[in-house]
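Engineer: Here is what each chain is made of, one letter per residue.
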Amino acid sequence: MIERLDQIFVILKHWLLGYLPESWQTPVGVILSVVCIIGLYPALFAITTVLERKGVARIQNRLGPNRVGPYGILQPMADGIKSLTKEDIVPTTADGVVHFLAPVVLVVVVFMGFAVLPMGRNMVLVDMDAGLLFYFAMGASAELSVFMAGWSSRNKYSLLGAMRAVAQMISYEIALLLSSVVIVMITGSLSLVKIVEAQNHYTWGLPHWFIFTPWGLAGFLMYAIAGTAETNRSPFDLPEGESELVAGYHTEYSGFKFALFFLGEYVAMFSISGLGSTLFLGGWTAPLEVLQFIPSWIWFFGKLFLSMGVFIWMRGTLPRLRQDQLMNFAWKFVLPMCLLNLFAAGLWHFMGAGWLRWVVCSAILILAYVSIGREGMRRKNLGPRSYRYAE
Amino acid sequence: MQEAMAFTPQLDASSIAQWLWLIPAVPIVSSGIIALLKQPRRKMASGLAIGSLGFSLIVAIAAFAHVLSGWSHGFAVREVVNFSWIQVGAQSVELGWVLDPLSAVMMVMVCFVGLLIFIYSTGYMEHDENYTRFFCFLALFAGAMLGVVISNSILLLFMCWELVGLTSYLLIGFWYQKPAAAAAAKKAFVTTRVGDIFFLLGIVWLFAQTGTLLFYDHGAGSLESLALGGLLVHQSHWGLTAAGAIGLLIFAGAAGKSGQLPLHVWLPDAMEGPTPVSALIHAATMVAAGVYLIARVYSLMSAGAVAHGGAAGTTTALMVVTWVGAATALFAALVAVAQNDIKRILAYSTVSQLGYMMAGLGVGGVAVGMFHLITHAFFKALLFMGAGSVIHGAHEEQDIRKMGGMKPAMPWTFATYAVGMLALCGVPIFFSGFWSKDAILESAHQWPVAQAPYYMLIFGAVLTAFYMTRQLSYVFFGAYRGHGQAHESPRVMTGPLVILAFFAMALGVIGTPAWPWFRSFLENHAAEVEMHAFAESAWLMLLLTSCVIVAVGIGLAWWLYGDKSPRAEEPDALEKAIPPVWTVFANRIYVDELYGVTVIAFYYWWAKVADWIDRNIWGGIVAGITLLFKVWAQVNRFLDTNMVDGGFDKGCEELYNGGGILARIQNGRGQIYLRLLAVAVVVLAAILIWSGRP
Amino acid sequence: MANPLTGYLIVAALVFAIGLAGALTRRNAIMVLIGIELMLNAANLNLIAFWRYGRHPEVLTGMMFAIFSIAVAAAEAAVGLGLVISIYRHAKTTDLEQMNRMKG
Amino acid sequence: MGFVFYLISTFTVGGALAAVLLKNLVHAALALTVAFFGLALLFLRLDAQFAGFAQILVYVGAVAILVVFAILLTRGSELPKEGVFSKTWLVGLAIAAGVFALLAWAVLQAAPWLPQEKAAPTVTVNDIGNALMSRYVLPLEIVAVLLTAALLGAVIVAMHEKERSR
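Residue numbers (my numbering), protein chains in the order written: chain L, 1 to 391; chain F, 392 to 1085; chain X, 1086 to 1189; chain Y, 1190 to 1355.
Please keep in mind that the hints were generated in silico from the structure rather than gathered at the bench.
Just so you know, even glycine gets a beta-carbon here, dropped at the ideal spot from N, CA and C.
Check each hint, because a few of them may be wrong.
Said to hold, decoys possible - Calculated cross-link-like contacts (lysine-lysine; reagent style DSS-like; alpha-carbon spacing at most 30 Å):
#1 156/L / 1177/X
#2 156/L / 1212/Y
#3 156/L / 82/L
#4 429/F / 332/L
#5 434/F / 332/L
#6 1177/X / 1212/Y
Claimed, not checked - Residues from chain X that face chain F, not an exhaustive set, calculated with beta carbons under 8 Å:
#7 1105
#8 1108
#9 1109
#10 1181
Claimed, not checked - Label-pair distances were calculated between CB atoms; the ranges are:
#11 374/L / 984/F: 57 to 67 Å
#12 156/L / 1046/F: 51 to 61 Å
#13 1271/Y / 174/L: 36 to 46 Å
Please put together the full structure from these sequences, using the hints given.
Structural biologist: As structure tokens, then:
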């Protein structure tokens, strides 16, 4: 029974495909799953928006949306209808084609990422051998769309926002990659399914999630920081810092295109948190051995929403960084930490079993944190920052 | 990942032996980190050094406990971890470390004493601006020393050995602004190098003979019966086997490190370094490294001992060791009598005690020598730190004649110092020095070959008691003759003193003839208490002798110096009694001078000769050649100006015009070049394809 | 085209030629770099194609070569664009026709 | 050879052409990314998964962005008055055509000797990793050094004058 419940979607799919001739089954099956994903995440997105607005409102001691439907839970509907019916304004000087392509590319690329994300036991679209690589390849292409958006709408705010976004995304993508490479080093596989499997063991009812190891914890923290920056969420939301640039790269977007950007941003958040929970929080595995009877997909989406909650919480709590602070942080703290984390993981791997590697790895990481984070960041050379132009 | 989640750290046998390398590694790494620290980060530096050594101590104690448990269950623990360092063809240079009673005892001692001295130095070096550097060196030294202790490969041992030498050099010359310190450092380095050359030769020979660098390698090691048998086959002249010869070469290295005659000269000068350094390196650990080395390769030295027969059985190598040791012990004791620098006296006493250890190794085997090494490490470190605290209290005054009457001023120091002194003199029953020294004397007494070493050592013991008493009465009794006001040192300095004092007394328990725990531990047989050992006439005899020795020594000294406070300028009491002997002693029996007129003079003369050759012969040749070239150059000049230039200018013009034409092609536009390149490629490829066509 | 390899090779040749044409005809230095990138990629395609249809794909030689050349190309792009920028800073132009200071 | 292959190749070649021909540099750069994507897809069709994704990651993720940055920093996005093609563009075109002709001719010549269709080699990422760490470790090291050097070099070259002086 529990098994059935766990595999319900898989069973459903096979049952549906059962009615089709052999030759059709594979393509239709793929299409089916794709449709599911494409249908599911926008729905989650709708829920999340209202959650966020209410949550942030609660943090800021406001009421938040409370007009549409009971407690304003139908707010997303209203927003959707509004953005669909609104006029789609394109600046006359704008570069029409690119301006149109940008949001499309963004959404497409972001959705691509879910192809390799296992959302439950046997619930992955394609179990690619180089899944993680694929994911990052897709993530890399998102930057381009942001640039397209910023550049095509001939508007200096948009351009500045885009440049900021791209610079920030590139800087933090490195950190993102390096912090995930640790996992690859330990599991020896780029396939996310295998990575989850590797964490699906229990000692004394406690799971073998990677976050419960020194390097795992450090890696997770780095990943969380880099991921936040990668999705341009606060405190790293300079690209759309409304106080400086009206709305960053999507200043000139309105109506449905803007909605697409909005969607893209949130779906990106979903996929980043999904990857994070897959890499460090054991994906769809249960946090306690006794809780395994609960279906795996519930766990996955539970973790997803947990991290979304954290995203919202951070947005409500933390102030925005300054550009140079952002860059310093990326290159002078996060990156070195990631490299040291790699080193620690390697040590962990080669020191074999036993208590000692725990001590050594944690010692290395703590020492590194103290020396880089505390010592290195202490003496800030304050003063006017020096700008660099090409000319 | 399964075992990764094992939350309970459990410390099983194999793991401790495997992680033995951490003991040296951690201090070395921490010294590296300290080296990167900035000057002002003093707390961090000392903290790192002490913490790392503390960690080493914990691991060392764990290892010791492991060995102990194995021993108490009645089997000899000798766990080795070997790995191949470099692979050269079929030969592979192998390194490794060993965990056996010897190394276990030694490492615990080094870590413990080292830790205390580290703590002590935080107080002593407080006002030095190179605090961080000091701790960097100290940590490095500790790491290297521990490396020497645990290494199972003679090559690794040699590396650490040299590293130790280097740190000793660095630390002796720590105050390199003082020319004396710099000179002393150089002297130490060069002198020990002399020994190390022989050591290296020994290593090479050993490797050539046995084909392995490892001591123990599950039967294949160089110290195991197989290899030893091979080393014994051919006896060279005067009964010296290959094993013995190699042993002697290694002993030369050991003699260099631990200041045996005739290479002892550097050790007294090494006192130019900071006192903690003298305590750690030049009393407790490094100088003992030589003794430890001999103990490590003892089976090499004693190989074929039965051939000579006799009670203990001995070999030529061991005889040499014994004689050198005894001679050193006596010599240094004599010299120490007539020194006035507090640290110098201690230095000479260290030399003499090292002589005792060597002699002990020679006559009585590993256990005897090592026992004295351990006890000596404790009380000599205690004495040095006490001396440091005295110097501290007397405002950096080192001349004992300018001290005196410090007993009331610094009670703690006095008490602990007295304990150390009594231990060194070997006052019976209560002090560890007595037990260890007696073990040596006893076995010297039973030595089959000769009785002379026994008497030498006895006389040395008398002198030891004498000069220690002299020093004590000079420093602590009588009236204060120094400048300023003597004051007690801070708690952080006296604390270690107290701990060490305790051990200086208590440590004797493990080596009494009634319960020869230490010996049986090292030699891997069960230790049982036999009270009747005390009743044995031989032992009682010995007890009596040592009582007499101590009584004579102390009494004489007290009669000469006790509690009367002679002024610096007036001659020493003993000098009044026997001036000529005194002067000889006071000038350290002219050994340095001897070297001065022999070795150094020779080199000096040789350098002069070389210089002369350089100036006159080579210089002359060079001058001649120069002249030749000058003439030739003149000729050339003439030819140039008149013949070549004319033609050359003409050619240049032609070339210039030609260049003008060619320059059109080079119009400085990258793209054009690129095109030419592409064309060239196309043409080339075409030619190739056509030519390659079937 | 009977066998698949030919197709890939032709495509590679085409891309290479296009890249070359770009590098040879465009005025802007950056465009020249773009052309060079295209040529590099064509080469990569060749390598991979030969690896795939070669005799010993399990040895991975061609693949490795491609991967390395990708890595090197990244470096090349970085340095090249850096050069372009610094040239622009000096000459205030990226037009190759006007960059003829090295005229002999 | 299938329909898919033709599709992708047209896609790729079209991208390349656009990249070379478009007047606006930013458009050209974007077209370049299209070409890169197409090439990556071709790699995938050649069962070189790793190379394909690496291609996307490096070229689309890094090189294209780099190019775009360079364009914006050098004000390349606004069109120059005199045309984008050099005066003697015909020569260049001719040479390129010559090269293509040569290559194509060579390939077609060699077609009969080229290896035929064969089963896809099974190469996992692990194999690549092992190869990189064992057989190709030296090149790997060298590439690492090269990349470091290139990084520093690029920074130094592109740095501001006054930055360099200090």
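Engineer: So, for every hint listed, does it hold in this structure?
Structural biologist: Hint check results:
Distance restraint check for residue 156/L and residue 1177/X: the Cα-Cα separation of roughly 22 Å lies within the 30 Å cut-off, and the hinted pair is therefore satisfied. A C-alpha spacing of about 22 Å is found between residue 156/L and residue 1212/Y, which places the hinted pair at or below 30 Å, so the restraint holds. For the given pair, residue 156/L sits about 27 Å from residue 82/L by alpha-carbon distance, which is consistent with the 30 Å threshold. Of the pairs offered as hints, the one joining residue 429/F and residue 332/L holds, with about 20 Å between alpha carbons and a cut-off of 30 Å not exceeded.
Restraint check for residue 434/F and residue 332/L: satisfied, since their Cα atoms lie roughly 26 Å apart, inside the 30 Å limit. Distance hint between residue 1177/X and residue 1212/Y is fulfilled; the C-alpha atoms sit about 20 Å from each other, no more than 30 Å. For residue 1105/X, the suggested interface contact is upheld, since its CB lies about 6 Å from the closest CB of chain F, less than 8 Å. Interface hint status for residue 1108/X: upheld, as the beta-carbon distance to the closest one in chain F is roughly 6 Å, under 8 Å.
Given hint, residue 1109/X at the interface with chain F, holds; its Cβ is 5 Å from that chain's nearest Cβ, closer than 8 Å. With a cut of 8 Å, the hint placing residue 1181/X at the interface with chain F holds, because the nearest CB-to-CB distance is about 5 Å. Checked against the given bound of 57 to 67 Å, the beta carbons of residue 374/L and residue 984/F, roughly 58 Å apart, stay inside it. A hinted range of 51 to 61 Å holds for the C-beta pair residue 156/L and residue 1046/F, which are about 57 Å apart.
The hint said 36 to 46 Å for the Cβ distance between residue 1271/Y and residue 174/L, and at roughly 40 Å that hint holds.
Hint check: no violations occur; every hint is consistent with the structure.
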